[in-house]
Amino acid sequence: MEVEVTVLTRRGAAVMHRVQRASAPRIGLGRGTDNEVPLADIRVGLHIAALVQRDTGIGIERIGTSPMMVNGISVEAAPLKPGDEILLGPYRIEILAAPEGCDGAIQIELTQPIGPALERLTTTARIGLERTGANKRVYAWTGFVVIAVVCLAVPIIFFSGGMMRPWHKDATGHRVAKLIGLSWNPGQFSNAHRFFAAECATCHQGAFSRVADTACLACHAKVGNHVEHGIKLDAVGDKLDALACVDCHTEHRGIEGSLIRTAGLCLDCHRNLGETAPAAGVRDVAGFPNGHPQFRATLVADAAKGTITRAELGTTPPPVDHPGIKFSHAAHLLPGGFPALHYKEMVCADCHIAEPGGQSFLPITYKNQCERCHELTFDKVALPWPDAKVPHGDDTGVIAAVWNYYAGLALQGGATALGAPASPPVERRAAGLPPPPTPSPPPADTQAWVTAKSTVALRLVFDERRGCAYCHYGMSADGAFETDKILAAALPPKANPAPVVAPVSLRTRFLPQARFDHASHRGMTCEDCHASRQALSSDEVLIPGIDTCVKCHGTENAALRAQSTCITCHVFHRSEFGLMRMTTGTMQ
Amino acid sequence: MTISDPSAATSTADTRPTRHESFLAYDHFRHLKWATVLVLFAIVIYVAVRPYGTPYGGGWAGYTLGTIGAFLILWLTWFGYRKRNYAENHGRLAARLSAHVYFGGALFFVATLHTGFHFGWNIHTLAYALMCIVIASGVYGVFTYARYPRLMTDNRDSMTTVQMLGRIAGIDDELRSATMPLDDATVAVVGRAISATAVGGSAWRQLTGRYPGCTTAMAIAHMEAHASEVPLALQEPWRLTRLKLSEKETLLARIRSDIRYKALMEIWLYLHVPLTFALIAALTAHIISIFYL
Chain A
1 MEVEVTVLTR RGAAVMHRVQ RASAPRIGLG RGTDNEVPLA DIRVGLHIAA
51 LVQRDTGIGI ERIGTSPMMV NGISVEAAPL KPGDEILLGP YRIEILAAPE
101 GCDGAIQIEL TQPIGPALER LTTTARIGLE RTGANKRVYA WTGFVVIAVV
151 CLAVPIIFFS GGMMRPWHKD ATGHRVAKLI GLSWNPGQFS NAHRFFAAEC
201 ATCHQGAFSR VADTACLACH AKVGNHVEHG IKLDAVGDKL DALACVDCHT
251 EHRGIEGSLI RTAGLCLDCH RNLGETAPAA GVRDVAGFPN GHPQFRATLV
301 ADAAKGTITR AELGTTPPPV DHPGIKFSHA AHLLPGGFPA LHYKEMVCAD
351 CHIAEPGGQS FLPITYKNQC ERCHELTFDK VALPWPDAKV PHGDDTGVIA
401 AVWNYYAGLA LQGGATALGA PASPPVERRA AGLPPPPTPS PPPADTQAWV
451 TAKSTVALRL VFDERRGCAY CHYGMSADGA FETDKILAAA LPPKANPAPV
501 VAPVSLRTRF LPQARFDHAS HRGMTCEDCH ASRQALSSDE VLIPGIDTCV
551 KCHGTENAAL RAQSTCITCH VFHRSEFGLM RMTTGTMQ
Chain B
1 MTISDPSAAT STADTRPTRH ESFLAYDHFR HLKWATVLVL FAIVIYVAVR
51 PYGTPYGGGW AGYTLGTIGA FLILWLTWFG YRKRNYAENH GRLAARLSAH
101 VYFGGALFFV ATLHTGFHFG WNIHTLAYAL MCIVIASGVY GVFTYARYPR
151 LMTDNRDSMT TVQMLGRIAG IDDELRSATM PLDDATVAVV GRAISATAVG
201 GSAWRQLTGR YPGCTTAMAI AHMEAHASEV PLALQEPWRL TRLKLSEKET
251 LLARIRSDIR YKALMEIWLY LHVPLTFALI AALTAHIISI FYL
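In order, the protein sequences belong to chains A and B.
Numbering-wise (our numbering), the first sequence opens with residue 1 and increments by one.
Numbering-wise (our numbering), the second sequence opens with residue 1 and increments by one.
Just chain A, same shape as in the assembly (with noise of 0.2 Å):
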C-alpha cells in the first residue's frame, strides 16, 4: 500500500507542510527510525501502530501497549475514513481523502511539543523555602495574635468580667479562667494561701492597684498592732499608720511564706527612733549582729511588790534577779547525783519541761518540780497519817495543819494513852545533815500539849536548813523566818494569821520583747548558752547576751552563719497591742 504523509509544523502563524510517500505492505508508525513514518518523540514507542489495507480502505492497529485514540475513542484497530482524527501520544494524526495514486493519505502534527527544556525544569523546579509554601509574614502574625489574644486579651476580659472570683464565692465552672489566671502567675504561691490563688481577684480587686490592705483584712482581721493605740510616735507613729500590708508582705515568692524577711524594713524606723520616736522607749538598732544593742532581760525586782525590771545582760556586775526564792542550780547538778536520796544525777529537763510547742517551758512549781525531793512531811512516827503533809503555798494553813494534826492525835487518844508522845517527831531534813536538838517535855494538859508538839513540829517546818526557809525569805526585813515570834502568835490558831513567807515571783520568760524557740534549737546542749552548773544562787541570772548568740547567728545575708533578720526573734504584729487595723474584716 502506499500512503501520503503530510508533516504539518507550526511556528507561530507560520505553517509548513512536508510532504512525503509511505510505500509498504504495513506502514509502520512509531520512534524507531525503521518504522514507514517515524515519530521522532520519545514519549512514542518504538513501533506504535500500522497503517494496514482494508477491504473497504485503509485501517489501523495499534502494536505494542501505547494508547491510541480514533475519534476520541480508546481501540485496538479501526477502519479509516477521510476527517478521521487519530492522537498517537503527542500526535494528532488527520486522514485526507487519497490522492491519485494512493490508497490514504494522513496528515501528522506534534501538538503536544516537549517545549523548551529549560523554561520546563526553572518551571517545575522549586527553589528556596519561600516556594514550599513558608511564609514568614504568616506565621509571625498568626503568633503574635495568638499570643496577644491568650495570653493578654483574654485573661484581662475574664478578670475584668469578674470570672477570677474570690475563693468563697462558687468557683465550679470557672477552671478555664483559673487556667488563664494561673498563666498570669510570677511565681510559686505562698503555701497558706494556694488553696485560693487561682482566684486572682481574691487578693487583686483592681487594675493597675496595689494589693489593698482589707483584702488581706477579709481574712486577717484580728492580727496583732506593732504598738499600743495611742502612744504619740510622731512621724513614726504617721508612717506606722501608712504602712500597708503589702509593704511587708508579698506574694508569688516561693512556698515559705509571704513575709518580707529583710532588716531593711525594720531598721527604716528602728534606725534612730531614740530621736523621732524618743516616747517608744526603744533602743536604736542598726542591725544585727553588728548594730544591735545588748539584751535587757526582763528581772524581778521585788517579789513581794510584784514590780520588774529591765537590765542589760553581760554587765558587770552582772544583773540580779530577786524571786523571793533560795535556789541553787550548781547544787541541784551535783555529778553523781544523790544516792542517799536514791536519786539519779539532776538534768536540766528534770525540772524544766517543755510546753507543748517546744518553745518555751511550762512555769517552775513545787507540786511538778520540787515535791519529789523535797516533801513537806513532819512527823512520820508520831503521827498516824504516813503521808502527812504541810501544804504548799498557803503559809498560814501550815500552822493550822500541823496544830491540826496533833490535835486529831490527842482526839485519837494519842495524848491521854501516852501522856507524852512516845518518840519524839520524825524531822524532815535533808540528806546529810545532823538531827535536830532534843525536843522538851510535853506539858500535862492536852492543847498545851498540842500546842507544844506543834511548836516543836513547827519549827522543823520553818526550819532553815530543812524546812521552809531552806528555800524561802520570811517576812522580815533580812528575809529571815522569826520563828520564836511566829510561833507565839499563831499557836494556838487564830483567825486571820500573818503570812509567814514572803511572796515568791519566777519569771517564765526574761526576754518578752524576743523570741526564742528551744525546740528548734534542740541540737544543743542546755549548758551550751545556759551556765547553770555555776549558779549557786537563784539571784543570778542565766539567760545569754547577744555575745552567745552571735556564735551561731550572723547577718541576714550570713554565708557561715545561721542568717538572722529582726523577725527571727521578735514580732512586729504583737496581739497584746489590739488590733493592727480597727476595720473589721469579714469573710465574705
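Any given hint could turn out to be false.
Derived CB-CB ranges, DEER-like [to be verified]:
no. : chain 1 : residue 1 : chain 2 : residue 2 : range
1   : B       : T67       : A       : A235      : 27 to 37 Å
2   : A       : K367      : B       : T54       : 47 to 57 Å
3   : B       : P231      : A       : R11       : 33 to 43 Å
4   : A       : N71       : B       : S228      : 37 to 47 Å
5   : A       : A153      : B       : T67       : 18 to 28 Å
6   : B       : R210      : A       : T9        : 40 to 50 Å
7   : A       : A531      : B       : T36       : 28 to 38 Å
8   : B       : V139      : A       : R11       : 49 to 59 Å
9   : A       : F338      : B       : T54       : 49 to 59 Å
Short derived list, chain A residues pointing at chain B, Cβ under 8 Å [to be verified]:
no. : residue
10  : L121
11  : T123
12  : G128
13  : K136
14  : I147
15  : A207
16  : H249
17  : R253
18  : T309
19  : L313
20  : T315
21  : G554
It is worth saying that the hints were derived from the structure and are not from the lab.
Don't be surprised by glycine CBs; every beta carbon is placed ideally from N, CA and C.
Using the hints, position chain B against chain A.
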C-alpha cells in the same frame, strides 16, 4: 556630617569592614566589647543587689535587668528589620549585623538574670523560652553564615543556579536524541528522567538534599541492570545515554547541595522572625500582667 568633613570621612573609612572581614570582627569587635560590658553589669547587679529571699524579676535590680532586656528585644528587632535593608551601604549593614549578634547574645544573659532562675508554666517563662529559641536560632544563623557560603562556593564551581539548570536542560536535550533508538522500557525511564527532574521541592527535600524518587537515579539503575542485554547495534546510543545520565546526576547532586545550603541558611529565619513577633506579644503580656494585677 558633611562630605567635606575629613575627620568624619576617615572615621567611616576606619570602621568599614574590608571585603574579607567578617561582620563578627567589625570595628575590632567593638560590639562584642560593649555587649560584654553589658553582661558584666548585669552580673554585678545580680550578685550585688540581694533582694529579700532569692533574686527575682522584681526589686530595683530585677526591674533594671528587665527594662534593659525589654529594650534590647525591641532594639534588636528594629535592627533585624533595618539590617535587611540592603539598600544601605555595606559598612552600616555590617555594623548593624555585628550589633544584632553580640547584643542578642548579651540579651540571653540579661534576661536569664532577670528571671532569677525562677521558671514555671506561665506567660513569663513563655516569653523567656521564646526569647531563648529566637536567640538560639540566631546563633544557628551565625553558624550558617560562617559555614555554608564557603561550601556553596566550592560546590558551585563558579556556576550560578541558572547556569546549572541550563546545563541540565542541555543534557536533557542530548538525552532525548541519544536515547531515541533504545528500547521502549529504557526510553520510558529515561523520558521520566528528562521530564520529571526533581530540583528542589518540599522543605524537607530542600533541607536534607535527599530525593528518594530521583528519576535520573532510577534511569541509571535501569540501565545498569540491563546493560548486558543491549544489542550490538544499540551499544553506542546506550553508552551515550548512560554517559549523559551520569553527567546529569553529577549536576543534580551539585544543584541539590546548593539548594540544601540555601535552605539551611534560610530555615532558621522561619523560627527567628515569627518567634520574634510571638516574643514581642509575650513580652507585652508579661509586662502588662505584672503591673495589671
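Hint-by-hint comparison with the structure:
| no. | hint | in the structure |
| --- | --- | --- |
| 1 | B:T67 x A:A235: 27 to 37 Å | 33 Å, holds |
| 2 | A:K367 x B:T54: 47 to 57 Å | 50 Å, holds |
| 3 | B:P231 x A:R11: 33 to 43 Å | 37 Å, holds |
| 4 | A:N71 x B:S228: 37 to 47 Å | 44 Å, holds |
| 5 | A:A153 x B:T67: 18 to 28 Å | 24 Å, holds |
| 6 | B:R210 x A:T9: 40 to 50 Å | 42 Å, holds |
| 7 | A:A531 x B:T36: 28 to 38 Å | 57 Å, violated |
| 8 | B:V139 x A:R11: 49 to 59 Å | 58 Å, holds |
| 9 | A:F338 x B:T54: 49 to 59 Å | 54 Å, holds |
| 10 | L121 | 5 Å, holds |
| 11 | T123 | 11 Å, violated |
| 12 | G128 | 7 Å, holds |
| 13 | K136 | 5 Å, holds |
| 14 | I147 | 4 Å, holds |
| 15 | A207 | 5 Å, holds |
| 16 | H249 | 11 Å, violated |
| 17 | R253 | 5 Å, holds |
| 18 | T309 | 36 Å, violated |
| 19 | L313 | 30 Å, violated |
| 20 | T315 | 35 Å, violated |
| 21 | G554 | 14 Å, violated |
Violated hints, listed in ascending order, are 7, 11, 16, 18, 19, 20, 21; each of the other numbered hints is respected by the structure.
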